[in-house]
Every structure is written in structure tokens, then in C-alpha cells.
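Q: Sequence:
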Amino acid sequence: MTTFDLGARVAVVTGGNGGIGFGIASALGAAGADIAVWARDADKTERALRRLSDAGVRAIGVPCDVTLEDQVERAAEETVGQLGRLDICVANAGASRPTAFLDTTLEAWNEGIAANLTGTFLCFRETSLKMAAAREGGALIAVSSVASRHAAPLMHAYAAAKAGLGGLVRSIAAELAPQHIRCNVLVPGFTENERLQAGTVDPDFDSEVVASIPAGRWGTPEDVGAAAVYLADPSLPYHTGAELFVDGGYATMPPYLAVRASRARPPGPSPT
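Residue numbers (the working numbering): 1 to 272.
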């Protein structure tokens, strides 16, 4: 039985100071990796670093706006300078600003593409340069969304960018495979966030989401983090250029069938 072990490796997690990003950073750290959190909010990063440290994870924070080339270049240099190497990059940072299509400006469109697609390109380019120079291989993981497959009204740039990650990752995977740098896409479904935990999500919406997921619950950042560990582990050298869905089966069927299935679902505790 394979036990995932990321000891002696260094992982970058963009947007790793909260939500799914923190779940990924925590899971990679628990598997033994040192963590570099690249993010913009210094206070939020400091809180995340304290939590990682309390869990016994060696972690640093690197200020970085992933849409700015010079900041990404500097962040890669600083990470290697402080932690000695760079083996894993999880491009998780992103943003969405719901806007009606007919009201979407070119500026808003460009911002959405930059935050969710161009930023991934920049982070992957700079971190894979470090991996290639070290000649020890590595893992690149893009965090996408089920919006890459299903319609996402009011989130046009976000959906287009997340769909674009698939093409970017497949191309990178094919090109860098000879250097033993793997590149995959992690696709979370509906995942718990601070609003849901605080009870401020509309109960009707909550019920509709759960009804549309065959697993019968929202995902958690820990669910996504576990999948990131799988994709990052060097014991999987043959897994590259693929999409891994962590969505409780949401993408497997049209919503109306999922709702119908939920009516026949036996009651019981949600699996952990």
C-alpha cells in the first residue's frame, strides 16, 4: 500500500491563506512538505501561517499578486532562497465578479481572465523553470471549478478561464513530461466556505446544492486538500495531463437527475 510522503519537498500554494487554498496547504504540509503561501492579504497570510505552524508545518508567506509578472518572478526567487528548492506548485488563486453579460466591460473581462488563467500561466512558468533547473522533476496543479464544464451565468470570464485551464495544462503536461514535471487539473465542486460555516448561506440554496450532489453534502477544503496530495506525490509519475474531479459526483449527471436521485437517497449521516 502506497503512503503519500512529501517530506523534503517544497510546495507553493497561491491563495493558500484561506478556503480551499488553506485546505490544500494544510494537507500538503501534513504530508511532509514545506509550504510557501503566495497571497496578497498580509494579515490573512499571517493567521494562516500561525495555524500551519501550530500543526507542525514549516511555512513561509510570500506577498504576491499572481497577475503581475514581476511579483511572480520575485516570489519564485524568494521561495527558493528561503526554503532551498521548489517541487510543487498549486495554482489556486483566483477571483470572480458576477456581472450580467450585457453589462460586462472589457476591463472586467480582462480582470477575470488575468486572475484565473494568466496568473496560473505565470506561476507555472516561473516555478517550472526552477524545477527544470534542479533536474528532479516536480508537480504543477491547477485548481479549476465545475464552472469549467457547466454553465455559470453571470460568471462568464471566470467560466471561460477555468475551462481554459484544461487546454493549458494538457499542453504543459505534454511538453514537460520528458523533464518529469507533471501537470494536472484539480476540479472542486461546491465546497464549504466561511459563509456556509457562519450560516449566512440562503437555506434554500444550500438545500438545492445538496440535492444536486450524489454524495449528498457539500465538499470541504480537506476533501480538496487530500486530492492535491495525491496529485503532488512523486509516487505517481505516470499521472499527468488529466483532470481530477472532487465534486461528490456533481459532474456525473444533469442536475434534474441528481435531484431525482436525492429523493430516493436513504437518510443517514454524511460520510467523512
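Check before you lean on any hint, since a few could be wrong.
To be verified - Lysine to any residue pairs mimicking SDA-like chemistry, simulated, CA-CA at most 25 Å apart:
| hint | residue 1 | residue 2 |
| --- | --- | --- |
| 1 | Lys44 | Ala226 |
| 2 | Lys130 | Phe190 |
| 3 | Lys44 | Gly56 |
| 4 | Lys130 | Leu49 |
Claimed, not checked - Derived DEER-like restraints, expressed as beta-carbon distance ranges:
| hint | residue 1 | residue 2 | range |
| --- | --- | --- | --- |
| 5 | Glu107 | Asp70 | 34 to 44 Å |
| 6 | Gly7 | Asn193 | 28 to 38 Å |
| 7 | Arg50 | Thr252 | 31 to 41 Å |
The set of hints was computed from the structure by calculation and includes no laboratory data.
Glycine included, each C-beta is placed from N, C-alpha and C at the ideal position.
Q: Mind checking the hinted window 31 to 41 Å against the Cβ distance between Arg50 and Thr252?
A: holds, 39 Å
Q: Taking only the CA atoms, is the gap from Lys44 to Gly56 under or equal to 25 Å?
A: holds, 19 Å
Q: Quick check: does the Cβ-Cβ distance between Gly7 and Asn193 fall within 28 to 38 Å?
A: holds, 30 Å
Q: Just to be careful, I want the Cα atoms of Lys130 and Leu49 compared with a cutoff of 25 Å; is the pair within it?
A: Holds, at about 24 Å.
Q: At the C-beta level, are Glu107 and Asp70 separated by a distance inside 34 to 44 Å?
A: Given about 21 Å between the Cβ atoms, the range is violated.
Q: Within a Cα-Cα threshold of 25 Å, do Lys44 and Ala226 meet the stated pairing?
A: With Cα atoms ~23 Å apart, Lys44 and Ala226 stay inside 25 Å; holds.
Q: Given the hint that Lys130 pairs with Phe190, test it: the Cα-Cα distance must not exceed 25 Å.
A: Cα-Cα ~33 Å, so violated.
Comparing the model with each earlier hint shows violations of hints 2 and 5; every other hint is respected.
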